[in-house]
Amino acid sequence: MSEIKKIATRESYGKALAELGAEFPQLVVLDADLANATKTELFKKVYPERHIDCGIAESNMMGIAAGLAAAGMIPFASTFAMFAAGRAYEQVRNSIAYPRLNVKIGATHAGISVGEDGASHQCLEDFALMRVIPGMVVICPADDIEARQAVRAAIEYNGPVYLRFGRSAVPVINDDNYTFQIGKGHVLRSGKDVTIVANGITVAGALEAAERLAAEGTDAEVINISTIKPLDTELLLASAAKTGKVVTCEEHSIIGGLGSAVAECLSESLPVRMLRIGVRDRFGESGPAAELIHKYQLDGEGIYTQIKDFLK
Amino acid sequence: MQNKELKRTANAVRKDIVTEVHAAKSGHPGGSLSCADLMTYLYFEEMNINPEDPANEDRDRFVLSKGHCAPALYAVMAERGYFPKEELTTLRKVGSRLQGHPSIIYLPGLDMSTGSLGQGVSTAAGMALAAKLSGKTYRVYTLLGDGELEEGEVWEAAMFSAAKKLDNLTVIVDNNGLQIDGRIADVNSPYPIDEKFSAFGFHVITINGHEFDEIRSAFKEARETKGCPTAIIMKTTKGKGVSFMEDKAGWHGTAPNDEQYAIAMKDLEEADHE
Chain B
1 MSEIKKIATR
11 ESYGKALAEL
21 GAEFPQLVVL
31 DADLANATKT
41 ELFKKVYPER
51 HIDCGIAESN
61 MMGIAAGLAA
71 AGMIPFASTF
81 AMFAAGRAYE
91 QVRNSIAYPR
101 LNVKIGATHA
111 GISVGEDGAS
121 HQCLEDFALM
131 RVIPGMVVIC
141 PADDIEARQA
151 VRAAIEYNGP
161 VYLRFGRSAV
171 PVINDDNYTF
181 QIGKGHVLRS
191 GKDVTIVANG
201 ITVAGALEAA
211 ERLAAEGTDA
221 EVINISTIKP
231 LDTELLLASA
241 AKTGKVVTCE
251 EHSIIGGLGS
261 AVAECLSESL
271 PVRMLRIGVR
281 DRFGESGPAA
291 ELIHKYQLDG
301 EGIYTQIKDF
311 LK
Chain P
1001 MQNKELKRTA
1011 NAVRKDIVTE
1021 VHAAKSGHPG
1031 GSLSCADLMT
1041 YLYFEEMNIN
1051 PEDPANEDRD
1061 RFVLSKGHCA
1071 PALYAVMAER
1081 GYFPKEELTT
1091 LRKVGSRLQG
1101 HPSIIYLPGL
1111 DMSTGSLGQG
1121 VSTAAGMALA
1131 AKLSGKTYRV
1141 YTLLGDGELE
1151 EGEVWEAAMF
1161 SAAKKLDNLT
1171 VIVDNNGLQI
1181 DGRIADVNSP
1191 YPIDEKFSAF
1201 GFHVITINGH
1211 EFDEIRSAFK
1221 EARETKGCPT
1231 AIIMKTTKGK
1241 GVSFMEDKAG
1251 WHGTAPNDEQ
1261 YAIAMKDLEE
1271 ADHE
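The listed protein sequences correspond, in order, to chains B and P. Note that the numbering used here numbers the first sequence so that position 47 is 47, with each residue one more than the last. Converting from the second sequence to the numbering used here requires adding 1000 to each position, the first position being numbered 1.
Treat the hints with caution; some may be incorrect.
In the PhoX-like style, the derived pairs of lysine-lysine whose C-alpha atoms are separated by at most 25 Å in a straight line are [stated by the list, open to error]:
#1 Lys1093/P / Lys1025/P
#2 Lys1266/P / Lys45/B
#3 Lys1220/P / Lys1164/P
#4 Lys1220/P / Lys45/B
#5 Lys1007/P / Lys1165/P
#6 Lys1025/P / Lys45/B
#7 Lys1136/P / Lys1220/P
#8 Lys184/B / Lys6/B
#9 Lys245/B / Lys312/B
These are calculated hints, taken from the structure and not from any lab test.
Hey, can you work out the whole structure from these sequences and the hints?
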């Protein structure tokens, strides 16, 4: 496993912006004094005139993005997920989503994998907050390949999009033939006994758990649902009909995020047994990212253990 | 436009405001009446706009940051020919394009959806920045309430606008001195307003917001100011033009009943003959 390439999706985000700057002259990137951390500095190096540092004022930054979009630009507003989805929530709702403006929110440092900074910076509520806003597209890519393609897809889509990127390096699980489409899930491993739906950093762990389950004779299907909204209900229902058991994995509160979205879909159309793996209604804490992911059972071992209990 | 004609138009706007809010049986007449002269000047004199081509990329933009004064904006837009005046009495009703607070997804000709205080000024700054980035010469105007200055986002936007040298942005403050809970000086005073904007890096002009000569010269000065945004602090009277509404916080968000409507319209009819 050690030879697998690992890249943080925030890095992929910054690189994608820099690569796409020439093709999309309307692209403008906003940051809130975190260009080095969000990696929008990679865009700034190539297009300094189109990189606007708004300083430590996230609410205003969302409004600036709305104004730029109203005047025909394609702004990406970047900061940590906590401040994008949390602090500036009402600006995102009222200044961006309600007028249906073409603003992209590039939120980095989501979840407990922020690590040592602790709970104040570990946003575990952003899927829920963004998903409930009418018309908002919510995307959480799993790896470098998907993250880069998601940035392009967001630019080519006309309307508000929330993109969540991580701080920590994650394995590249997709190959170069992979094609990301907004609203389309992707079956990474076919199986018939249980469906594991994951996104973001938990996709690699879900695949590892599936391998361990396979060794014990349980054939798990693993689906990457990188678009939380709109949800690929067709794919989910087909898999649930086949396996009859669905587990969701996310680096987010089990309330309101991917698990809730999947539960909403299945409970209405095809009720099956479900397990929601995520952070169980609590705040995060300080520590190295890998240790926290292990403690909160979001790594391969933790996901495997929880699914084993669920299947008993 | 001559001052006499502007006054007559502003008075028609005031009648429209009172008629709209009366028909809706709710809404915000006080702050709409205090900015009626300014709104008339912007839409009939100052801004480079064309009601026949409301999405023109080069048009000047207006953001009503104090979005609750939508009745004033709708009235002036109807008077200017953006939509039929008959539509004004649909304000706040189901199916109307005239939402309680302005919404661009309902009504063409609006430049931004507003209503949540403090947010409009940021979006106006974003539009001004867009003009700078794209090499366009349009100007952006935004109107704030004085109570709205209590919102922290206003000052984030002010800091940004000065730091980015948005001299194509004019921020107007409708200083009628009243907010829902009483006098702004008593509730959570934003005074001194002029010194605050000045400290944030704005060129500041203080005027009487009911005198067209002063309004005209202020906008001329704003256009000629380079390197920084301009703030026009206009002293106004809340409820201006309707005797029983003037300088009364209680008329911030209350609609007149039939009897009060008749008195208000009589007051405004008389103003036409002054």
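Each hint tested on the structure:
no.	hint	verdict
1	Lys1093/P / Lys1025/P	holds (10 Å)
2	Lys1266/P / Lys45/B	violated (64 Å)
3	Lys1220/P / Lys1164/P	holds (22 Å)
4	Lys1220/P / Lys45/B	violated (39 Å)
5	Lys1007/P / Lys1165/P	violated (34 Å)
6	Lys1025/P / Lys45/B	violated (56 Å)
7	Lys1136/P / Lys1220/P	holds (19 Å)
8	Lys184/B / Lys6/B	holds (24 Å)
9	Lys245/B / Lys312/B	holds (12 Å)
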